[in-house]
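Going line by line, the protein sequences match chains P and G. The numbering of the first sequence is the numbering used here, which starts it at 2 and goes up by one. The numbering of the second sequence is the numbering used here, which starts it at 2 and goes up by one.
Worth double-checking, as some hints may not be accurate.
Derived EDC-like pairs: lysine to aspartate or glutamate, alpha-carbon spacing no greater than 16 Å straight-line [stated by the list, open to error]:
no.	chain 1	residue 1	chain 2	residue 2
1	P	Lys187	P	Asp208
2	G	Lys187	G	Glu177
3	P	Lys196	G	Asp92
4	P	Lys114	P	Glu199
5	P	Lys114	G	Asp92
6	G	Lys161	G	Asp174
Since the hints were made in silico from the structure, they are not lab data.
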Amino acid sequence: MRKLSLYRYSYVLMGVTLLLLTILPAFMGSYYIHILILILVYAYLGSSWNVLGGYCGQFSFGHATFFGLGAYTSTILFMRFGISPWIGMVLGGILSMFVGIFIGFICFRYGLKGPFFALATLAFAEMFRVAALNIPLTGKAMGILITLKGTSFPAFQFQEKIYYYYIILAFNVFIVLVTHLIENRKLGDYLEAIKEDEDAAEALGIDTLRYKIIAISISSFLTALGGTFYAQYLFYIDPDICFGVHNSIEIFMRPIFGGLGTVYGAFLGSLILGPLSELTRGLLGGYSGMHLMLFGVVLVVVIIFLPRGVVGLLKKI
Amino acid sequence: MFFQMLSNALVSGLLMGGVYASVAIGLTLIFGVMNIINFAHGSFMMLGMYVAYWLFTGLGLNPYISLVPSFLILFFLGAVIHKFIIIHSSDAQNILLITLGIALFLDNFAAFLWTPDYRSIEIPTLAKSLFIGYLAISIPRLIAFIFAILLTIGLYIFLKTTTTGKSIRAISDNIEGARSVGINIKKISLISFGIGAGCVGAAGAVITPFYSISPSVGLVFVIFAFVVVVLGGMGNFWGTFLGGLIVGLGESLGATYLPGSLQQFFIYFVFILILLFRPQGILGGKRA
Numbered sequence: 002m003r004k005l006s007l008y009r010y011s012y013v014l015m016g017v018t019l020l021l022l023t024i025l026p027a028f029m030g031s032y033y034i035h036i037l038i039l040i041l042v043y044a045y046l047g048s049s050w051n052v053l054g055g056y057c058g059q060f061s062f063g064h065a066t067f068f069g070l071g072a073y074t075s076t077i078l079f080m081r082f083g084i085s086p087w088i089g090m091v092l093g094g095i096l097s098m099f100v101g102i103f104i105g106f107i108c109f110r111y112g113l114k115g116p117f118f119a120l121a122t123l124a125f126a127e128m129f130r131v132a133a134l135n136i137p138l139t140g141k142a143m144g145i146l147i148t149l150k151g152t153s154f155p156a157f158q159f160q161e162k163i164y165y166y167y168i169i170l171a172f173n174v175f176i177v178l179v180t181h182l183i184e185n186r187k188l189g190d191y192l193e194a195i196k197e198d199e200d201a202a203e204a205l206g207i208d209t210l211r212y213k214i215i216a217i218s219i220s221s222f223l224t225a226l227g228g229t230f231y232a233q234y235l236f237y238i239d240p241d242i243c244f245g246v247h248n249s250i251e252i253f254m255r256p257i258f259g260g261l262g263t264v265y266g267a268f269l270g271s272l273i274l275g276p277l278s279e280l281t282r283g284l285l286g287g288y289s290g291m292h293l294m295l296f297g298v299v300l301v302v303v304i305i306f307l308p309r310g311v312v313g314l315l316k317k318i
Numbered sequence: 002m003f004f005q006m007l008s009n010a011l012v013s014g015l016l017m018g019g020v021y022a023s024v025a026i027g028l029t030l031i032f033g034v035m036n037i038i039n040f041a042h043g044s045f046m047m048l049g050m051y052v053a054y055w056l057f058t059g060l061g062l063n064p065y066i067s068l069v070p071s072f073l074i075l076f077f078l079g080a081v082i083h084k085f086i087i088i089h090s091s092d093a094q095n096i097l098l099i100t101l102g103i104a105l106f107l108d109n110f111a112a113f114l115w116t117p118d119y120r121s122i123e124i125p126t127l128a129k130s131l132f133i134g135y136l137a138i139s140i141p142r143l144i145a146f147i148f149a150i151l152l153t154i155g156l157y158i159f160l161k162t163t164t165t166g167k168s169i170r171a172i173s174d175n176i177e178g179a180r181s182v183g184i185n186i187k188k189i190s191l192i193s194f195g196i197g198a199g200c201v202g203a204a205g206a207v208i209t210p211f212y213s214i215s216p217s218v219g220l221v222f223v224i225f226a227f228v229v230v231v232l233g234g235m236g237n238f239w240g241t242f243l244g245g246l247i248v249g250l251g252e253s254l255g256a257t258y259l260p261g262s263l264q265q266f267f268i269y270f271v272f273i274l275i276l277l278f279r280p281q282g283i284l285g286g287k288r289a
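Isolated chain P (complex conformation):
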């Protein structure tokens, strides 16, 4: 018989949370909506990372690559050719997926594992960052400023933050559904098996290379969509914001803290870390990277004492 646990009520809990997230912002000031949007952006990006890092156990230190490809593709297509960022978002996702498949293929084909896969992905992101710094198409170090057109759905631009809020909320609902789907299909079991013991998975007849590549392709496609949203929300991108190491770290912090390989891990992680980092910045002031000090402590504590993250903790209660 299963132990009675708080986590069993997660469906009810998430339903209530979704309801609150839908209604509450109508009564909030734009600063708080901004904070919520950032929480949801990183919840979404973290969930995308989680498909590869959490479910499949392949830690990427370079998801900024996919974020940046999404952001730059839609932005360049919009600014140069006037193509709607909605279309650019899908094209960016597809480009990012191909790059993901390429990176995955060469890394997994040659057996890069654990920390070495992490370092290789980090190096790929750095290559994209250096390239973006040097190519005129990407505006070099100046980055690209997206020209404002006022509220326009085809241009993915809104003067009221609340529109962005509901879009990123929808992104989150979407990724929760996708993750649920993965978890409940054979794919989820295969990824889990690869994470637990790759040799054993191989011995059982699972084509581990194929499933790892499937995981990275889903993950890279979804991450790129988040990149486009980010660009359209802030109207500005540059090589460091997009491809920088810190962006990769921001992306994987939430799922590691919340719970690797769980549907709601990244979301819960972001819900807690978001306000905490805002608070740290407020208290310590000045320098914008102050919350990273907190992230550092959180990372050490979670890896040592809470390897299953917040979700693991809740399951025990």
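Fit chain G to the supplied structure of chain P, relying on the hints for placement.
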């Protein structure tokens, strides 16, 4: 004109290569013994730089003297971090994440304490260059290069002759065998982690006369140190030294002949190629 540019690029590349080698040598020691990748390595270097900076501004101490307190302070810090944090995990991937956490904390704590601004040490007697024909050799860079050679030789002798050094090599070769002959694995791991941190702390002090000090400097160096270590073969000292020179030369030649900062692109590219096709490094790994 062509030869002047080329030879100056070669010389400055070799000298910078020495710096990369001295930064990476501690990383390769830690990797060789414990099979872990220490992401906080660059942050240790950053702290070593600040030790030299504060001793210079506070007491007027020459950075080449400060390299001793830098070594000792970072040795102690490394030992404490190993004893209270690293020891709790044995999985290589988790240790990479833990040391990344330590790096994030140290880098941003330094920014909190000392602001993110760039600082530098001005020593007029050192800010000179040797001229050999049209070759200009910066003296502090030359000293850093000599330091890198001495550090490599010193560590080599330490590993070959002392009991602790032999124990370190024994663990690096065969951990079970080392355990069975009664080597205290925990203690030796702690000492190697401390030495690795201390060495990079000292290297940090040595480069302060010509390299700006800032809390974010570690991140730049740690990624380059990974490249150097992988290139040289993880755990291989002479390989690391050679790897440092190759990266230094590649960077300098690239900066001279490629537009913008594209030289970094090729350094990462080579890094990935080596990881994929020759993970044991150019000289083969784990031979102290």
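Right, here's what the structure says about each hint:
1. A threshold of 16 Å between alpha carbons decides the hint, and for Lys187 of chain P with Asp208 of chain P the separation of about 13 Å falls inside it, so the pair holds.
2. Taken as a hint, the Lys187 of chain G and Glu177 of chain G pair is honoured in the structure, with Cα atoms around 13 Å apart against an allowance of 16 Å.
3. Taking the CA atoms of Lys196 of chain P and Asp92 of chain G, the gap is near 14 Å; set against the 16 Å cutoff, the hint holds.
4. At roughly 10 Å between alpha-carbon atoms, Lys114 of chain P and Glu199 of chain P fall within 16 Å of each other, so this suggested pair holds.
5. Note on Lys114 of chain P and Asp92 of chain G: the hinted pairing holds, with a Cα-Cα distance of about 12 Å set against a maximum of 16 Å.
6. At most 16 Å may separate the alpha-carbon atoms for a hinted pair to count; Lys161 of chain G and Asp174 of chain G meet this at roughly 13 Å.
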